[in-house]
Amino acid sequence: MDPVQRFLQTKKLMNDTAVDALGLRAFLFTLKLEKCSTIADLQAMLPDFGKALSKSLEPAKVQRLLAEFRTRLQ
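Note that the numbering used here has the sequence shown beginning at 1, numbered continuously upward.
With a Cα cut of at most 30 Å, we get these calculated DSBU-like pairs of lysine-lysine: (1) K61 <-> K12; (2) K12 <-> K32; (3) K61 <-> K11; (4) K11 <-> K32; (5) K35 <-> K12.
What the hints contain is simulated information worked out from the structure, not anything from laboratory work.
Hey, can you work out the whole structure from these sequences and the hints?
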């Protein structure tokens, strides 16, 4: 997959995951996510992504999701 497709696909998946886990509480995170324009930007968002997800998911699931997204963004 080319880098642009990987970026777009991962950004959408991060957004969908946050919305599924948080509902309306994901709004501020999704606004920050929309400002991302590179893979490096998405990588920089991972700590905030983890914090947001930890509000409604078990720590083990958050860690699995973060590991999956780190792999996608390499």
